[in-house]
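All chains, full assembly: derive it from the sequences and hints.
For the record, the sequence lines run as chains A and B. Okay, so the first sequence: first residue is 218 according to the working numbering, each after it adds one. Okay, so the second sequence: first residue is 19 according to the working numbering, each after it adds one.
Please keep in mind that the hints were generated in silico from the structure rather than gathered at the bench. Heads up, some of the hints might be wrong.
[To be verified] Now the in silico label distances, taken between C-beta atoms and shown as ranges:
1) A:Asp267 with B:Asp830: 48 to 56 Å
2) A:Asp267 with B:Gln992: 35 to 43 Å
3) A:Thr271 with B:Arg935: 37 to 45 Å
[Stated by the list, open to error] Each computed DSSO-like pair below joins lysine-lysine, with the alpha-carbon atoms no more than 27 Å apart:
4) B:Lys323 with A:Lys222
5) B:Lys509 with A:Lys235
6) B:Lys476 with B:Lys323
7) A:Lys235 with B:Lys847
For every residue, glycine included, the Cβ atom is placed at its ideal position computed from N, Cα and C.
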Amino acid sequence: MSPEKMVHMANQIATFFKTQPGDNAPERVAGHLRDFWEPRMRDQLRRYVDEGGTGLDQIAIEAVKRI
Amino acid sequence: MKDFILPDDRDMGTPARSGALVTLTVDGIEVSVPEGTSIMRAAAEAGIKVPKLCATDSIEAFGSCRLCVVQIEGRRGTPASCTTPVAAGMVVHTQSDHVRKVRKGVMELYISDHPLDCLTCSANGDCELQDMAGAVGLRDVRYQSGRNHYDASGHGVLAQGDARARAASTTARSGVAGDLGNPLFIPKDNSNPYFTYDPSKCIVCSRCVRACEEVQGTFALTIEGRGFDSRVSAGMAGDDFLTSDCVSCGACVQACPTATLQEKSIAELGTPTRSVITTCAYCGVGCQFKAEMNGDRLVRMVPWKHGKANRGHSCVKGRFAYGYATHKDRILNPMIRDSIDEPWREVSWDQALSFAADKMLGLQQKYGQKSIGVITSSRCTNEETYLVQKLARAVFMNNNTDTCARVCHSPTGYGLGQAFGTSAGTQDFDSVEHTDVAIIIGANPTDGHPVFASRLKKRLRQGAKLIVIDPRRIDMVKSAHIEAAHHLPLKPGTNVAVVTSLAHVIVTEGLMDEAFIRERCDWDEFQHYAEFVSDPRHSPEATELMTGVPAAELRAAARLYATGGNAAIYYGLGVTEHSQGSTTVMGIANLSMLTGNIGRPGVGVNPLRGQNNVQGSCDMGSFPHELPGYRHVKLPEVRAVFEAAWGVPIDPEPGLRIPNMLDAAVDGTFKGLYCQGEDILQSDPDTHHVAAGLAAMECVIVHDLFLNETANYAHVFLPGSSFLEKDGTFTNAERRINRVRKVMAPLNGYGDWEITQLLANAMLKEMGGATWTYTHPSQIMDEIAATTPSFAGVDYALLEEKGSVQWPCNEDHPEGTPLMHVDGFVRGKGRFIVTEYVATDERSGPRFPLLLTTGRILSQYNVGAQTRRTENTAWHAEDLLEIHPHDAENRGVNEGDWVKLASRAGETTLRATITDRVSPGVVYTTFHHPDTQANVITTDFSDWATNCPEYKVTAVQVSPSNGPTDWQESYAAQAEQSRRILPAAE
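Below, the structure is given as structure tokens:
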């Protein structure tokens, strides 16, 4: 998928979980990505973060380290 | 007359009552019935038929025909048995000499004004008037020919000024020169595509008028004129049935005791000789019908009175719009082609399946195991859907299975699963009869779920209150004899803000049910949630500017929902098809838990499912992350169940969702698709992107009734079977598993479940695997039951016995579960979830200043593949753009003008209709017609949790246009080219 679309989707997930009580938003984002994103999508996101992760929410970046 | 064998669906004369039993004697037979029951019904319970004409058990008694008179010991006169309630110890005689004489006199009068053309009448053999003439022993009519309504020639007829004018007016509107001399003669109204109205045969029993009022709730019909002039009229003078408010639900036709209102199919094909109970293949209400047959030809569909979702009612689609099943466009032979630029070649089933199997296996060898996938259909049966996802998991060996619920109710699955622990509505449809306050949010039931709308309207007329939350002024806001207490016309995309604001009022004003919350919900999570919603930024006053909903109205609505008694929420795709669709579903669950409106009749959270088997397709493991029964593929203990059943390892990783499949296709990693019963090119968002994805695939297998839009990009076409041609089950919005029964042989040769099995076996043979050996869908259901705990008790024998069951149906609930979460939530404690409003990134601005929202209309269904191929096009032949008068005026747009509708995704043209049903700044259209392709406009934004597309909010501009866009023209040309078919070689 286009990087813009991927970043938008990942940030949407991060935005939801950081509004939830608790301080484990990255882990919950990671859990969501593991549960619903097919491996090649997660690989693309990982690679994107490795390349700098431009535009990604910090929570999403933290999450990617956990998937 | 006493019946010794009581037919299951005989007419009991008047509706059932409930309450303490009262015992009486009818013709010497003692019978006990609930208090309030009519004598007529009590007699019927005892197996005794009392002659009747104006009574039928779907509507309240009227007492006008006087044919059902009886004698009661100790009482004077001959009361009507339909309107006289039973009393303890009452002794009734239905067949005394006196009542027989009265009845014969009444029948004489009826027959004296009725054409005696019984032998050529379309209702011959199925006419209650004819039956009653026989029942009362009518042998002659003493009255001389005189004033009548049936003799068009007018010989011996008295002139009547009013009636002459009315007859002349009717002649003018019908275009039939029927006024040949008799001013009381009104010609037949043939305007409705499906039924005729012949006033000359009307006995003015008012059954049709009462059915329209009581059952359908449209109030389109009335009795016009007085005394002998009285006739049924569809609305105002000048209206015929087609132009009137009539919604063609068929309730009037069903109620009519004569041939006055009669299906055209009966006139053409004759009366049926057998019937089969089956389930409608349109919306998620799941109405059951009697498919009435002549041989293997369907004559008509009649709503079955024992259908537990519809209770004998229907809408125009289920009742009449079945002609698509035999439409000339239907493809009956398999076809293949190497390239989408080539014409189709008709081939044998073996050739087509071998071609498809070779292609798909070749793609996996070349591009990897995860390069192909499936899309299951919510229009197909549970058994078929189960097999398609099994094809992906056990033959393709991946989890690349998704379903059209992805683009409609996937947020329901996620949201309710998170809050309650199960991905389904909580109630049955009967529950509405106990509702005191209903919220409809993001749904348009009169159009999308008409039979449920009629049931809700009936409850509203009994005094229940209604709150509508919708950008449009849908018909439920105000129509005949109903009016919503509150309409919150929110701006598209602000659902979460409105729902959270409702919760703010409930919590800050102390209107929540604390006892329920303490007992049934997680208290810590509730406290977080209460603190969140109590923040002043969620107050109606703070959100008013953003949502467009007046604060006072929102406060009043919240108070009514929290304090008005049993309160239920019904919602649709106006909730789910947003970037925060899942969040709104969770917000709705929060509201129900806050107020304790869960776990008993009259309350709950009720997703109105768009298609007939959305619930079932989700139940059957169509989603790429979960196996049947909503169990994640990552769970080894769940995989083990299916690995044991199927004899193959299950991939523990989630597969691709539909939008992801298309993205991966464009990226070059997804190459093959088996798409059963869906038309993703027309139904999915951002058509250009869908087309690019399909074009990038090397093998697209479309399995459908018609060469749909997706088939323009297909390499294999497998002709499908209609719902009339196969056995199986559909699961409706109330989790009810209804039987679908084969009423005729598949015109294409196979049921769809057989075709999936043939494809699987074609691949398995090449792979050297064990082939599938199902010989009947009941065996598939047995496998579902063996592997899926919520279906563990389901089998066809139980469905035959009970008619239908609602899951969970297992050892704990052997007869199913009408209401969920009665004693506790499936997940244990109900979970309150914080619902922060996040505005969509799809925003109006200078280039695209309006917001487009999309929906459906009563007469059409989804992408219109079925309904466009029926006479329903009489009501909706094209998609129209609704635009507010202010927005139209600013753009120089007049009613009926062609306009260009443009978004950042694309543009199309269609005609405009100007209405204040939409607010300024909002435009609306349907997506039923491929020549409009409304989804050229919609974008790839989607729900954060599920990827459900954001159909309901697209920033657009509207401008005058003088013709189709370049894209529309090129697409039409491509589609025409793509549909060329070379016949099979001899």
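Quick rundown of the hints versus the structure:
1. At about 50 Å, the beta-carbon gap between A:Asp267 and B:Asp830 stays in the expected band of 48 to 56 Å.
2. Checked against the given bound of 35 to 43 Å, the beta carbons of A:Asp267 and B:Gln992, roughly 41 Å apart, stay inside it.
3. Our hint of 37 to 45 Å for A:Thr271 and B:Arg935 holds, since their Cβ atoms are close to 44 Å apart.
4. The hinted pair formed by B:Lys323 and A:Lys222 fails the criterion: a straight-line CA distance of about 50 Å is larger than 27 Å.
5. This hinted pair checks out: B:Lys509 and A:Lys235 have alpha carbons roughly 25 Å apart, not beyond 27 Å.
6. Using a Cα cut-off of 27 Å, the hinted pair B:Lys476 and B:Lys323 holds, with the two alpha carbons roughly 17 Å apart.
7. Restraint check: the Cα-Cα separation between A:Lys235 and B:Lys847 comes to about 23 Å, which is no more than 27 Å; the hinted pair holds.
Hint check: a violation occurs at hint 4 only; the rest are consistent with the structure.
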